[in-house]
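Engineer: Same order as they appear, the protein sequences are chains G and Z. Counting in our numbering, the first sequence runs from 2 upward without gaps. Counting in our numbering, the second sequence runs from 50 upward without gaps.
Don't read these hints as lab results, they were simulated from the structure. Treat the hints loosely; a few may be bogus.
For each label pair, taking beta carbons as the anchor points, the in silico distance ranges come out as [stated by the list, open to error]: (1) G/59 to Z/182: 26 to 32 Å; (2) G/59 to Z/190: 32 to 38 Å; (3) Z/57 to G/103: 35 to 41 Å; (4) G/91 to Z/93: 25 to 31 Å.
Within a straight-line C-alpha distance of at most 27 Å, the following computed DSSO-like cross-link-like pairs (lysine-lysine) qualify [unchecked claim]: (5) Z/292 to G/61; (6) G/22 to G/78; (7) G/57 to G/22; (8) G/61 to Z/428.
Away from chain G, derived, C-beta distances all over 10 Å, residues of chain Z [what the hints assert, rightly or not]: (9) 70; (10) 99; (11) 126; (12) 463.
Glycine residues also receive a C-beta, built at the ideal position from the N, C-alpha and C atoms.
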Amino acid sequence: MDDFYRDYILDHYRNPRNFGKLDRVDASAEDLNPLCGDQIRMELKLNNRGQVEDVKFSGKGCAISQASASMLTESIKGKSLSEIAKLPKEAVLENVGIGISPTRMKCAMLGLKVLKSAAIGELAAWPDEN
Amino acid sequence: MSVLTADAKVRRIIADFPILQRPTSRGKRLVYLDSAATSQKPQVVIDSLVEYYSQYNANIHRGVYEIAERATAAFEKARETVAAFFNAQTQEIIWTRNTTEAINLVSHSWGQQNVRRGDAILVTQLEHHSNLVPWQVLAETTGAELRFIPVDDRGVHVLDNIDALLDGCKLVALSQVSNSLGTIAPLDTIIPRAHAAGALVMVDGAQAAPNMPVDLKALDADFYALSAHKMCGPTGIGVLYGKRELLEAMPPFLTGGDMIRKVEYAKSTYNDLPWKFEAGTSNVADAIAFAVAVEYLNGIGMEWVREHERQLVGYALDRLQTLEERGLSIYGPRDPDRIGDVISFNFGDVHSHDLASILDTEGICVRAGHHCTMPLMEKMGWPATARASFYIYNTEEDIDALVTGIEKAARVFKI
Ligand SMILES: Cc1ncc(COP(=O)(O)O)c(C=O)c1O
């Protein structure tokens, strides 16, 4: 588990990318992980072809949840809502995969869960449960 | 070597706990600092469970054959043992699943009968959700007002306005020891003041019963709730203590088998105390094993338990203080005489869950999060805290390991 906290993870934790709020929000969702109280909100702005033009997240919590969400926001620009709704958990794991214990996996997946919730317009299931 | 680590008594206690002899999957010594969540179990308690299921498992109270009689006798003897341990009458000890169920029994049975619109229920800002949500629900369903005894920024009760808070109050419900900050409540002041104002007092003893002598007669609380699993006993069994005349006047909580005297198609009459509150097949094995746990603690001596933990808390505060200049924040009263079994802290910008995960790699078990006290965390402005809690088998070495573990977290997080 201590292998997890690599430099770029700590960097995303301390300097989250795409952090904040959008001035125009076309789709959004927020949720929390009751285990740790991690909270994440995702806001999406779409272009006229329905693709993500801009994304911002906000929230608080552990390094795993915040860094995972931050990295995820860097990889979704240009995707349609239906593509986001289908994102597999690997979309997170390929960024942060090493050494996360099963209980902490929810922290890693929270950002993806919230992002998918924004895409489908209702609360999505935990990505590790489908 | 320090005094505590050399203490042969602690070494003997540690030897009683099989889980403490097993290394973690990473080959580390298990440093268990989460007894406030649940304590470890000594071999005698584990043996008691095995003995019940392998030698005399039978349903109690109506069986006339030998093993049923043995099970019934052991079950009722367990109640006597537990009653004696807390200096209560045997009929005043109601078996529940845990503290939470004991509190719900009172909020439903006593609460619905006695609390009306315009009455007040007084709790504190420190309460565990288990001693808050049931009173929120009671206030909502009856129209009563829920009031709070405030705590200061160290988590110490502020009693300046206690008389005003008690005015019109039917019940005061508070924990004797806070599971988040360790604060010991000033029950010696609050209970007589509440009684003088005409209110009853329900004490959540989940964190006190395991850690200090509790004499229910002397304490004079009207209700007292506790969980066996935090005091060397098994999960699934707890106690509601209530003063006899109060329990007698209360309607049943759950109804069905075992809690009845006579049942007709249209109506029933109820059994005597304590069985009136024990509907359905009881948790026989765990009640019996809980009595074994209580006898085990009796053998150690609850005065010794309290003193041992007081010393550990003092040592932990001293050691943790050395990390303050590197960004450790220590919460709670900071005085071992006012703290039960827990210390809460945060380290720099390391979230408590990350800290707990890094400590876990060293075999150190601490809890992280809101500790079922979300409103307290919100009030204090802490997103979460890490919490170390101590019990009879902990030593100064465990605290040294914790400090070394926090130093490791500092390296991992480049602090
Ligand atoms: C002060 C306090 N009250 C109530 C509870 C709830 O105990 P249980 O979960 O055994 O019902 C706990 C346990 O975490 C506690 O520490």
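Engineer: Take the hints in turn and mark each one as holding or not.
Structural biologist: Structure-based check of all given hints:
no.	hint	result
1	G/59 to Z/182: 26 to 32 Å	29 Å, holds
2	G/59 to Z/190: 32 to 38 Å	37 Å, holds
3	Z/57 to G/103: 35 to 41 Å	39 Å, holds
4	G/91 to Z/93: 25 to 31 Å	49 Å, violated
5	Z/292 to G/61	46 Å, violated
6	G/22 to G/78	16 Å, holds
7	G/57 to G/22	6 Å, holds
8	G/61 to Z/428	17 Å, holds
9	70	24 Å, holds
10	99	29 Å, holds
11	126	40 Å, holds
12	463	7 Å, violated
Hints 4, 5 and 12 from the earlier list are contradicted by this structure; the remaining hints agree with it.
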